[in-house]
Structure formats: structure tokens, C-alpha cells
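Residues per chain are reported as follows:
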Amino acid sequence: MGLLSDPNRRRALTKLLTRLNAPICVMCYLAGVAWFMGLAFEPFTLRTYMSENAMGSTMVEERFPAGERALATGREFAAHKKKVGGMPVDWLVKTMQSRGLEVFTQSFTRKLPFPDENKERYMVRGTNVYGILRAPRAPRTEALVLSAPCSEGNNNNQAVGLLLGLAQYFRSQIHWAKDIIFLVNEHDLIGMQAWLEGYHHTNTTGGDWSPLQGRGGSIQAALSLELSSDVITSLDLVLEGLNGQLPNLDLANLFYAFCQKIGVLCTIQGKLQRNDWDTTSGYSHAAQTMMLMVLKQASGRPWGDHGLFLRYHIEAASIRGINSFRQYKTDTTTIGRLLEGMYRKLNNLLERLHQSYFFYLMPSLSRFVSIGYYMPAFGLLAVILLLRVSFHLWDNRGFYFYLTPSSPGVLSILTPVVISHMTGVALYTLPILSQEMAVQHFPVSETEAVVLTAIAIYTAGLALPHNTHRLLQGEGTEEGWRVLKLVALLYLAVLLGCTALINFSLGFILALSLVPIAAFITPHTPKALSAAIMVLLSPGCTLLYCVFVFQELQETPVSLQDGWMLFLSVISQGILDHALYGSLVYPLLALLIYPCWLLLWNILFWK
Amino acid sequence: MQAKAGQFFSSGHTNNWAVLVCTSRFWFNYRHVANTLSVYRSVKRLGIPDSHIVLMLADDMACNHRNPKPATVFSHKNMELNVYGDDVEVDYRGYEVTVENFLRVLTGRLPPSTPRSKRLLSDDHSNILIYLTGTSRWNGFLKFQDSEEISNVELADAFEQMWTKRRYNELLFIIDTCQGASMYERFYSPNLMALASSQVGEDSLSHQPDLAIGVHLMDRYTFYLLEFLEDIHPASTANMNDLFKVCPKSQCVSTPGHRTDLFLRDPGNVLITDFFGSVRKVEITMETINLTAPMVFSIEIIIKNYCNQ
Chain G
1 MGLLSDPNRR RALTKLLTRL NAPICVMCYL AGVAWFMGLA FEPFTLRTYM SENAMGSTMV
61 EERFPAGERA LATGREFAAH KKKVGGMPVD WLVKTMQSRG LEVFTQSFTR KLPFPDENKE
121 RYMVRGTNVY GILRAPRAPR TEALVLSAPC SEGNNNNQAV GLLLGLAQYF RSQIHWAKDI
181 IFLVNEHDLI GMQAWLEGYH HTNTTGGDWS PLQGRGGSIQ AALSLELSSD VITSLDLVLE
241 GLNGQLPNLD LANLFYAFCQ KIGVLCTIQG KLQRNDWDTT SGYSHAAQTM MLMVLKQASG
301 RPWGDHGLFL RYHIEAASIR GINSFRQYKT DTTTIGRLLE GMYRKLNNLL ERLHQSYFFY
361 LMPSLSRFVS IGYYMPAFGL LAVILLLRVS FHLWDNRGFY FYLTPSSPGV LSILTPVVIS
421 HMTGVALYTL PILSQEMAVQ HFPVSETEAV VLTAIAIYTA GLALPHNTHR LLQGEGTEEG
481 WRVLKLVALL YLAVLLGCTA LINFSLGFIL ALSLVPIAAF ITPHTPKALS AAIMVLLSPG
541 CTLLYCVFVF QELQETPVSL QDGWMLFLSV ISQGILDHAL YGSLVYPLLA LLIYPCWLLL
601 WNILFWK
Chain C
1 MQAKAGQFFS SGHTNNWAVL VCTSRFWFNY RHVANTLSVY RSVKRLGIPD SHIVLMLADD
61 MACNHRNPKP ATVFSHKNME LNVYGDDVEV DYRGYEVTVE NFLRVLTGRL PPSTPRSKRL
121 LSDDHSNILI YLTGTSRWNG FLKFQDSEEI SNVELADAFE QMWTKRRYNE LLFIIDTCQG
181 ASMYERFYSP NLMALASSQV GEDSLSHQPD LAIGVHLMDR YTFYLLEFLE DIHPASTANM
241 NDLFKVCPKS QCVSTPGHRT DLFLRDPGNV LITDFFGSVR KVEITMETIN LTAPMVFSIE
301 IIIKNYCNQ
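Taken in order, these protein sequences are the chains called G and C. Numbering-wise (full-length UniProt numbering), the first sequence opens with residue 1 and increments by one. Numbering-wise (full-length UniProt numbering), the second sequence opens with residue 1 and increments by one.
Only chain G is shown next, with the shape it has when bound in the complex (with noise of 0.2 Å):
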């Protein structure tokens, strides 16, 4: 007989896992935690190529010419907005005209749910400036984006510049293909936001936008320009966009391509790729990037203008020049050069890109790990749950002990998952509603006020066991606390699973801090350790920790001080993408992961 069907193999099967269940938990955890390491280790991971045909090799001649015109454009840009105080969109619309293109303008008004550090007003109002370049011979239904942000102060005028350069310059080539749409948009992601959706006649996120008078056909890429110095000694990408999306991984090829054939420098998470992979120093340097774009994906926020596109299906990233001390600087003509490369590829397209990886991640920008290769650490952490279920359902009585007469009522089960999800509830919506009435009674200002009252109600559900069992008659049973183990170990499953299906980041974040606490939490373990354990590891100390740690890879490190604040401010900004961009990890966080963390809290203090 099968190993399965046979009763006495299968009692046999069921002893083993409930006898050395724990031992099993723990080596699984640790095997889950070595592959994700080990991802970064350069034999395990793959060369990045190409995987487009209609692409190629990076076999076209640029001939891009004006690199001084464009700074002069540049400058003459930042005379511009310094005059006007804002964005100049009569001098955008008067050149981009006398450049050929068909210009067109989009105002956009965004109430903010509260005011930020960086906006410190409720209303933002702002103009977007867009010029199309009609591709000469084709019909219009594919088009091309390349955008710059208009930025206060002197960032990104040289960006700005750059981009009407080559406006002008891609104006007189007869091999376009597709329309190219030149975009400066202003507010960076709310503006981007708005253009966005009045361009695909969309609103998900309630802004209020005037409609666009000129389109180009469907977007097949896009790319998002920043440049805020003359000349630079490295090009950085970024591909993290809003959930964590990632554009197709040929984007990202491409770019590198190019930079290999003009000889930029190009890194990644700001990190140069290095050739010593055998050495410690190597792959830990390897294991920062990765690190560093996996707490970036996880976090769900744009970490460029080119984010929002990736919703639209549109494969876009941004490109940031970086000028730092080295020696060998690279001039704009180079930098327009390798732009015009990319685009000349670009416009070869018969298809969206789609014949290379969506999900993977990026120990360096010529090494990647797929999604099949990444998945098996967050699910060895997942089976550790599985295995806990089976423990709590085949431990000591059989499987029937749910039908013995002592089973425990709906109810008793019921009220804490009711109470936790309220508290969810609770903590997703009071902190907007109630800065009014915050700012009134103390001296803070409208953030802060979010903020502390969003910590307020994460802490104040600490004391909600306590206070649950007042409203219950009687006590909870000893089958109380398994069945609801029971429902919190299963809840947590398929959060977490379904979590790191979208977002793998995320999920295996969570999924190191919860897991261990929902694996091992009884009311029978010391209470004062465990409760301890339990808020170290919840899911706002867990932000705490990847804060510090963030800063600590990006060679900035914090003190406790600077650390907290920073940390209040994610806390603000994870509110503040949710509303205007739909961002999705506050929610999930508010509403699903801290209940089912309130549960486990619920089993611990169960009486």
C-alpha cells in the first residue's frame, strides 16, 4: 500500500511530525533564512542577457551631437522657474513648439489627506507639460515616454535640459516608429499621478485633473530622467516601483547594454558591481544590494517617477546621474547619446516587452535571481505554519478532539477575531479622522498628529485581552486557545502567501518576524519573555528595525535619535502613498497583518 493510504504508515507519518515537530520548525526556518543568503552568492545566480529578439545587440550608431546646448537649455530653464517661482509653462510650451513637437498642458488640483513635511499645505496645484513628436511615417498607436521632474531649487534643470535637447534632436531622424511623448511634470509623483490617469481615463485615487488634449497611442516604455549636475561619474537605475512592481528585467538589460558599449559607469542601489564574488568582502557587498532592493520593494512606495507607470502594465525606470569623486566624469552628450541608443531600441519594439523576467531580484546589474529561485526561502518559512497546524491538529488526542463535549463555543472564538479586526480597523481610519481634534487638545503639528495617533491605537490594542475576557462569561476553555491557534496559524498562511505572490519582499519580511511568534506562542509559555518576544517582533517594531538597517546599508548609518524620527516620517509617508497613489502596504499592514498579530497576542493572555 501507498505511503498515505496505508493507516499504520500513515499513524507512523503523523508520530514523526508531531514528535519532532519543533526541531523540524526551527531547521526549516533556518534553511529558509540560509537560501535567501544564499541568493546573493554569485555561482547561484544567472548573467542577465537579452531576451528580446526585435532589441538585439546594442548594434545602432548614436549620433547625438548637442550636449552644451542642452545645459545651455537647462540653465535657461532654471532662470525660468527661479522667475516665475514654480514652473514655467509658458517658456515649456514656447519652446517645445519651436522645437516641432505638438505641445499640449494638464492642471491638476490634489487635496492631501494631511499636510507632509515636504508639501505643508493641505492643496496641491500644478501644471504638466507635455510635448508629442509625431513619428514621421507611422500610425499613431504606440508611443514612447521619456520624462523629467521639475524639481524647486537647482535640482533637475540639467534633466530638463537634456530632455529638450533631445526633443529637438529625435525631431529631425525619419526612423521613429512610434510617437515619443516628452514630459516635465511638476509635484514629481502627484503630477505624474494625474497625467497618468487623465491619460488612460482613469480615476482611482480622486484627484481632480483637467483632460488631456493630445495623446499618443498605447505606451509600450517609459523612462524618467534625472540629472542635476553638469557632469556625472555614474548612472544609477532604479526599478522599484509603486507594490513593490518591478518592470520587465529587458529594461534593465538594455541599460546595461548601453552603458557597457559607451563605457558609462552604472550601478545600482547606488552600488558598483564588483568582480571578486569568492571573496567575503565581495558577496557581502552583493548582499547589501540585494538587501537593499529587497527593503525597498517591500516598503510599496515609488522610488522614482517611472513607479506609477508599472500599474498600467507600462515597463518603465528612472535613471539618476550621480556625481561623485571619482576622477573619470562623463559629459552630457555621452549621457544624451546613450539615451538615444536606448530609445533606437525601443522604437525597434513590435510588442510589449515581455519576453524576460517580471519577478526577480538584483544582487548586482549584470546578476539576477529569478522568481522560481527566490520562492523556495519564503516557502520554508511558510510550511513551518503548515507543520504547527498539523502538530495542533494530530497532538495527543486524535483527530477528532474537536467533537468531544467540551468543545468551545462560536462565540468565544468569534469575539477576539471580531475585536482584533475592529482595532485593524481602528488603526487604519482614526489617525486621519481624528488630526482635528489632535491638533487642538496638543501642540503638534498635522503629521505628527497622524502619526502618534496611529502608534497610540497599535499600542492601546496591547491592552485588549485584558479587557476581551470582561465581555466573555466564564473563561476560555483549554480547546479555546487551539482552535483559535488553529484560525490565526491558517489566517497567517495564506496572508503570508498571498502577500508574497505580489510582493515577495514583503511577505518574507513579515513572514521572519510573525512566523517564529505564531509557531511557538502558547498560553503556557512564560509570560513575561513571551509577551516581550511578541512586541519585539511585531510588525511596527519589525518597520523599526528595517529603518536602521536601511540606513545602515545605504553607508548612512543613524543614531537612536535621528532613527525614531525617521521612522515616524515612513510611518506618515506609507499613510500618505496610500491615499494618493493606492498603495497598498498600509492597509494590508493595518487592517490584516496587526489583527492576526492581535490574535496570537489574544492566545498568549488566554485564560
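What the hints contain is simulated information worked out from the structure, not anything from laboratory work. Possibly wrong hints are sitting among the right ones.
Cross-link-like lysine-lysine pairs, in silico, DSBU-like; alpha carbons within 35 Å at most [stated by the list, open to error]:
hint	chain 1	residue 1	chain 2	residue 2
1	C	LYS118	G	LYS261
2	G	LYS261	C	LYS249
3	C	LYS77	G	LYS329
4	G	LYS94	C	LYS143
5	C	LYS165	G	LYS261
6	G	LYS261	C	LYS69
Facing chain C, a subset of chain G residues (Cβ under 7 Å, in silico) [as the list claims (entries may be wrong)]:
hint	residue
7	ALA54
8	ALA78
9	ALA79
10	ASN348
11	GLY540
Where is the CB? At the ideal position from N, CA and C, for every residue including glycine.
Based on these hints, arrange chain C on the given structure of chain G.
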């Protein structure tokens, strides 16, 4: 004199046809169209008229939006030779190049409304040159237009149909794709000679990367074939053995293959111009013909005289 005249008729063909097919579309397959057009140019130069050439191009490269030099197709990276020219006549274009149309052209089973330019009106004294180029990833198949394939068995059966219907005297089949030799493995009809650019398991490589246009302009085998054909003129006596030597492994990286076991004559006796050119046979007659007799009658005499030779 008589003996020399006799030599002219040793091949037994009286007219030449060419069927030149490019099976792949998309801008990055520019080189396949350039291949076909180069062979078209050579064949026209050596004498086969447009009425005897069936040219099938699966995509329009000259007017593609991405072509920086519109209305041209170049075969050499210094843009020396525009093989598209002003007088190209494409018989099957774009989506008309399908397996079904190709086989119908070969076997002659076309609907009565098909114009003459789209038909292969060969007879049993025709020498036909068939040139195929495209992409092929598998052993024994040639991909047409990204969505269908022709197999080597289908091709062999088509040629057998042609033989049974007496649609050719001798047939030269040239194929320039990856694993090209697999396409002629299954031939079984007489008087077929085949050349391929690579053996089974080998890839045919491209040549001539052009940075201004942004694509490869030619494939290696056809590039060297074209170079070889540039030296051929209508009176040339080069034979098939020279053609087999075109593009050795040192230049082509792949190993060109050929098959002559079904061919009745010795390849050394077969002139290149038997297939690539349209050498008009001059028939010397010693008789006088009275042209004042009624037209029909005199034509009958001429035909009788001709057939008796």
C-alpha cells in the same frame, strides 16, 4: 560545328524559371529580404526576365517605418548596392506568402483567376531555381511568417507532384536557414539538386552588421554566394562543383551541404547558367523554309523540324 551545337542541347531545357521566397517578417529579419533580393538581382542580370520569376517577400523592409533610408534595401554595409532598386516586381507580398500559396505555386493548382505573374508556368523543359530563406529553429521545418511551418516531407511531396505533372526538367533547390540540410533530406524525385547553408544542428550566421540602419544586412552564405555570382556572366562556363565550394567553413562558420544523388547528370557538367541564367538556345537549321506558304502551315513545318532534332 554540329558537335558544338549538339553540346547546347545536352541539358535538354529550353526555358528557365526562378521561385525566390523570403519567409520571415519583422524588422529584425531585414537580412532575409536582402538575401532574396540579392539573388533576384543576380538572376535578372543573368537573363531570366520578371515574367519568369516568382518573387515572394513576407514583409516590406523598404517602406518599414524604422528604415532610415526609405525605399531602399541594402545588402552591403557601406550601402553600396541598393538591391531594391526601381524595377523590382514582387509577386507575393506580405501576408500572401503562406505555405499554401507556396505549394500552390509549385504544383500549379491555382484558382483560374490568378494572374500570370503569380503563376509558375513551367513545362517539362524548364529548369527551375528555388531559393528559400528564413528562420528555422527545428530540424526539418521552415517557419513561414511566424505562425506556420512547412516540413521537409511536404516539400518533397510537392516536388514529386511537380515531377509527375512534368513541371520541370531539372530543379536546383537552395536554402539559407539554420539547419538547412534537414530540408532536403526527404527528396525522392529525380533531377533534383539541393544546396543548404548549414548542416543539421548548426546555425547559419548573419553577416554585415550595419550601425546606421541598426540591423544585420545579409546572411553569410548568401553574401558569399552573391560574391560568387557577381563573377558569372551569361557566357561563363563555371559549373556546379564551383558552386559547392562557395562559403567554406572558414568563412561561413557553418558547413554548407549539398545533395546530388537524385540528379541524373554529373554536377561537373552542369553550368551555373543552366539555372541562374536564361541562356537562349540558338538552333542552327540548314533547311530553307518557304515563308510565302500560309502561316499555319509554315509554323507546322517549323515545329516538326524542331521536334525532330
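Original post:
What are the numbers of the hints the structure violates, in ascending order?
Top reply: 1, 4, 5, 8, 9 and 11
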